[in-house]
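Enquirer: Could you fit the two chains together into a complex? Lean on the hints.
Chain order of the listed sequences is S and B.
Sequential numbering of the first sequence, starting at 1, is according to the numbering used here.
Sequential numbering of the second sequence, starting at 244, is according to the numbering used here.
Quick caveat, the hints were computed from the structure, so don't treat them as lab data.
Please note: incorrect hints may appear among the correct ones.
Some chain B residues well away from chain S (every beta-carbon gap over 12 Å; in silico) [stated by the list, open to error]:
1) Gln266
2) Glu268
3) Gln271
4) Arg316
5) Asn325
6) Gly385
7) Ile398
8) Leu406
9) Asn419
10) Glu435
11) Ser456
12) Lys457
13) Pro458
14) Asp470
15) Ile476
Short, incomplete list of chain S residues facing chain B, as computed with Cβ under 7 Å [what the hints assert, rightly or not]:
16) Arg10
17) Ser14
18) Gly79
19) Leu83
20) Leu85
In the BS3-like style, the derived pairs of lysine-lysine whose C-alpha atoms are separated by at most 25 Å in a straight line are [claimed, not checked]:
21) S/Lys241 / S/Lys9
22) B/Lys464 / B/Lys478
23) S/Lys9 / B/Lys269
24) B/Lys353 / S/Lys13
25) B/Lys351 / S/Lys13
26) S/Lys157 / S/Lys38
27) B/Lys462 / B/Lys478
28) B/Lys423 / B/Lys411
29) S/Lys217 / S/Lys13
30) B/Lys269 / B/Lys420
31) B/Lys248 / S/Lys241
32) B/Lys378 / B/Lys351
33) B/Lys351 / B/Lys420
34) S/Lys9 / B/Lys351
35) B/Lys464 / B/Lys475
36) B/Lys378 / S/Lys157
37) B/Lys248 / B/Lys425
38) B/Lys462 / B/Lys411
39) B/Lys475 / B/Lys462
40) S/Lys77 / B/Lys378
A quick note: this is a predicted structure, and the numbers were derived from the prediction, not measured.
Backbone N, C-alpha and C fix where the C-beta goes; we use that ideal spot for every residue, glycine too.
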Amino acid sequence: MHSFWAVFKRELKSYFTTPLAYVFLVIFLFFSGYLAFKQGFFEARQADMRTFFMNLPLLYVFMVPSTAMRLWAEERKTGSIELLLTLPITVTQAVLGKFFAAWFFLAIALALTFPMAITVCYLGQPDVGLIITGYLGSFLMAGGFLAIGCFFSTVSKNQVIAFVLSVVAAALLVFAGMPTTLDYLSTFLPAGLVSAIESMSFRQHFESIQTGVLEFKDLAYFLLLIVGWIAASAIVLDERKGA
Amino acid sequence: MIEVKELRRSFGPVVAVDGISFQVEKGQVLGLLGPNGAGKTTAMRMLACFIRPDSGTASVAGFDILQNPVEVRRCIGYLAENSPAYGEMTVGGFLNFVCDARRINGSKRKQALDRIVSMCSIESVYHQTIETLSKGYMRRVGLAQALIHDPQVLILDEPTDGLDPNQKHEVRRLINKMAKDKCIIVSTHILEEVEAVCSRTIIISEGRILVDSKPEDLKQKYQCSLDEVFRKITKGRRT
Numbered sequence: 001m002h003s004f005w006a007v008f009k010r011e012l013k014s015y016f017t018t019p020l021a022y023v024f025l026v027i028f029l030f031f032s033g034y035l036a037f038k039q040g041f042f043e044a045r046q047a048d049m050r051t052f053f054m055n056l057p058l059l060y061v062f063m064v065p066s067t068a069m070r071l072w073a074e075e076r077k078t079g080s081i082e083l084l085l086t087l088p089i090t091v092t093q094a095v096l097g098k099f100f101a102a103w104f105f106l107a108i109a110l111a112l113t114f115p116m117a118i119t120v121c122y123l124g125q126p127d128v129g130l131i132i133t134g135y136l137g138s139f140l141m142a143g144g145f146l147a148i149g150c151f152f153s154t155v156s157k158n159q160v161i162a163f164v165l166s167v168v169a170a171a172l173l174v175f176a177g178m179p180t181t182l183d184y185l186s187t188f189l190p191a192g193l194v195s196a197i198e199s200m201s202f203r204q205h206f207e208s209i210q211t212g213v214l215e216f217k218d219l220a221y222f223l224l225l226i227v228g229w230i231a232a233s234a235i236v237l238d239e240r241k242g243a
Numbered sequence: 244m245i246e247v248k249e250l251r252r253s254f255g256p257v258v259a260v261d262g263i264s265f266q267v268e269k270g271q272v273l274g275l276l277g278p279n280g281a282g283k284t285t286a287m288r289m290l291a292c293f294i295r296p297d298s299g300t301a302s303v304a305g306f307d308i309l310q311n312p313v314e315v316r317r318c319i320g321y322l323a324e325n326s327p328a329y330g331e332m333t334v335g336g337f338l339n340f341v342c343d344a345r346r347i348n349g350s351k352r353k354q355a356l357d358r359i360v361s362m363c364s365i366e367s368v369y370h371q372t373i374e375t376l377s378k379g380y381m382r383r384v385g386l387a388q389a390l391i392h393d394p395q396v397l398i399l400d401e402p403t404d405g406l407d408p409n410q411k412h413e414v415r416r417l418i419n420k421m422a423k424d425k426c427i428i429v430s431t432h433i434l435e436e437v438e439a440v441c442s443r444t445i446i447i448s449e450g451r452i453l454v455d456s457k458p459e460d461l462k463q464k465y466q467c468s469l470d471e472v473f474r475k476i477t478k479g480r481r482t
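Just chain B, same shape as in the assembly (with noise of 0.2 Å):
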């Protein structure tokens, strides 16, 4: 459903991304997993058709992400780093507008509503405005936007980052339980998450991808924890 071929993107002089190629089908839950400024965010962006790859190409659910970026976003649910939203709207007011730009109008936006308030447990706030919110709710609503429209694919770039230990809980159980019908890309450097919820893991570093495999398989390899696994394969590549 996913297929990335030799994407590139630099900043400047900064090359974020170099060259990673990856392929993800339905039902799968890759872990992006890297050091802070491995170009996990960058690669996530050029998915979702939010920048443009200097070279390389990718195409989600069949849709070219340079030849028809709209296509791409409708189908995929994206949940951005820190999960921005307009603060001044009310979380009721904010959905409402997801679905107006998302085209569910009538009786199906009463039932996604209904569904995902919910699927996310965002009954209690739903009236309350977004600025006010903490930031495990803020998160949740975040979630509730990227599923709103129940998208075939999901990139979700640390969506349990900063929250405490029952949320992050309720998080990974919410995305065990969509990984059998979605096709679902996670970024994380929590190592217990990779483990928890992802069903293949990619590590990158310094914007290349260095390992592609599936967690047990890397534990087995290296016979350790795959916090040693991590740290040996991003500090060896550094020295």
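Just chain S, with the same shape it has in the complex (with noise of 0.2 Å):
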């Protein structure tokens, strides 16, 4: 275990050094209050955060796959991956060391936006627990996005290939739940595997964790999705870590 916390410790801090960390946060902060601004949070006239999360699956899209990026790519490029993978420590232990970091400060991206609970919190009185199942849908995803760019950034040794990939990986699995691409599905599928194809997105699942209720299904799905990319992840990492 303490492999993995050498590992999580390394990485979190890495982020912190470099200007990474502080590019991503100013840049999600930014767009994240934007949007939700933008897209009527005035004239809704309703104290609660829907604007604000129902841009977070687009923007994590783009911003998610931006942090998994890095994950293996860059230690595959520069070789720090033959030290990394030489100490006494499993594939696994240091994949979900990785992982787990990523996710930690999606989670503290995801915290700094308290600017906005406190916003609304002051100007009306919000249902507290709408914005807590709100955040909650909001990490899972960012662990689900996460989960893929790290298995993507395991495939490839070239970032760019790495983000690109993940982003259509990610793009597909939002646009699959859109009600546009369901009601074009439906002109030629059966109903049956249209509405299969719509559990497989994330909007259904993120859409009903926000509406306040936590159903299993819905933490089960982000849970399946984040385990099986990972392993996957972990499984193309030991294969290809030599090469």
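Expert: Have a look at this one:
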């Protein structure tokens, strides 16, 4: 376990000793706030963070792969992977250590949006439970995107390729659940298949959590997604680390 | 301490290591000598449990590389080619990370750091970021991380490659100092290094061991310099 913590600590520190964290945080916080207000936060005249949360999937599609792309691509390119994996540490511990460090960093980014929550609480009397489940859903969704990004980072040594592939995969999973896509698909696919595709998309589960109800199927979706992609990352990394 | 039996490894159609076997005991410094592309790095990576062999096996300090890779890595100090490290970390931060991963804590960590910093002469760069270091210093930091846990076995891949003559001398002096109570494998294609440091040498070419002998014995047998011996053996193989 201590090797997991060693990797976790090192990775988290490296975010903040380079400009990476600060650039990411500024851009993320700016756009999440800007989009929330632009989408009609005041016009809606409701004390909730709906306009804030509804933009997060699209924002994550671009921002999370930019964090994930360097997880393994950089290590393989610079050769530091040979150093890391010849320490008394298993591949699984290394993959998990890096993943959780990146996830924790994204949690910090989410936590720094607290002024939004304070604004809503100050201006009205929001349902705090909804805000909490909204943040939980966002956190899980970030983890899902991150797991996908982590996988593509193990697949390619080139960070740009890793980034593009993760964005495409994440976008597919988000857009699969959009009403326009589902309408189009239902013109030639049977209803059962369309609803299966919908339930594989991020949106349905994210919005379901946002309604304030924590259903097992939504939590299971995110957990299975994360576990699946991370396990795949560990397998690919084990095969390709020497290459 | 190190026993290698018929290790074999290919990368696609290229056979990098083609059934090598040897043994190294404590107190010996084995020089793995060979032309570029001979399979030295691949062999060392297999011993350090970084990559898995296609067939064959090896044991380090009693631990099998396939069954107990983590234990093997615990006993080994490994310096990879070009001594990779995390460029954005300071030397001190990096060594602390290695201590974290190797479970060296508290007062033991302080002692280990003090010992290793003076042994590898890196006091002056302790607070500098690694990416700003010169090649010589980076190599010393690499050596420091390989030695910090005082391992029984050392595997050093071209430890003096690209260093200036003074730095080469320093590294060789360090290896000689540790040779008595450790089992060391050094890979090189610098022949004077073999004479300076190694008690035994294996000449490897195209994945196969051609010769396993002592440097003095080789020179006596072929009645020429090690340079000539190397050329005769490796070039002779190709025809």
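Enquirer: Would you mind marking each hint as holding or not holding in the structure?
Expert: Okay, the hints, checked on the actual structure:
no.	hint	result
1	Gln266	22 Å, holds
2	Glu268	22 Å, holds
3	Gln271	22 Å, holds
4	Arg316	5 Å, violated
5	Asn325	6 Å, violated
6	Gly385	8 Å, violated
7	Ile398	9 Å, violated
8	Leu406	18 Å, holds
9	Asn419	24 Å, holds
10	Glu435	27 Å, holds
11	Ser456	29 Å, holds
12	Lys457	29 Å, holds
13	Pro458	28 Å, holds
14	Asp470	30 Å, holds
15	Ile476	28 Å, holds
16	Arg10	5 Å, holds
17	Ser14	6 Å, holds
18	Gly79	4 Å, holds
19	Leu83	5 Å, holds
20	Leu85	6 Å, holds
21	S/Lys241 / S/Lys9	22 Å, holds
22	B/Lys464 / B/Lys478	17 Å, holds
23	S/Lys9 / B/Lys269	36 Å, violated
24	B/Lys353 / S/Lys13	21 Å, holds
25	B/Lys351 / S/Lys13	23 Å, holds
26	S/Lys157 / S/Lys38	38 Å, violated
27	B/Lys462 / B/Lys478	17 Å, holds
28	B/Lys423 / B/Lys411	20 Å, holds
29	S/Lys217 / S/Lys13	35 Å, violated
30	B/Lys269 / B/Lys420	14 Å, holds
31	B/Lys248 / S/Lys241	23 Å, holds
32	B/Lys378 / B/Lys351	29 Å, violated
33	B/Lys351 / B/Lys420	22 Å, holds
34	S/Lys9 / B/Lys351	20 Å, holds
35	B/Lys464 / B/Lys475	12 Å, holds
36	B/Lys378 / S/Lys157	24 Å, holds
37	B/Lys248 / B/Lys425	21 Å, holds
38	B/Lys462 / B/Lys411	23 Å, holds
39	B/Lys475 / B/Lys462	12 Å, holds
40	S/Lys77 / B/Lys378	18 Å, holds
Checked against the numbered hints given earlier, this structure breaks hints 4, 5, 6, 7, 23, 26, 29 and 32; the rest are met.
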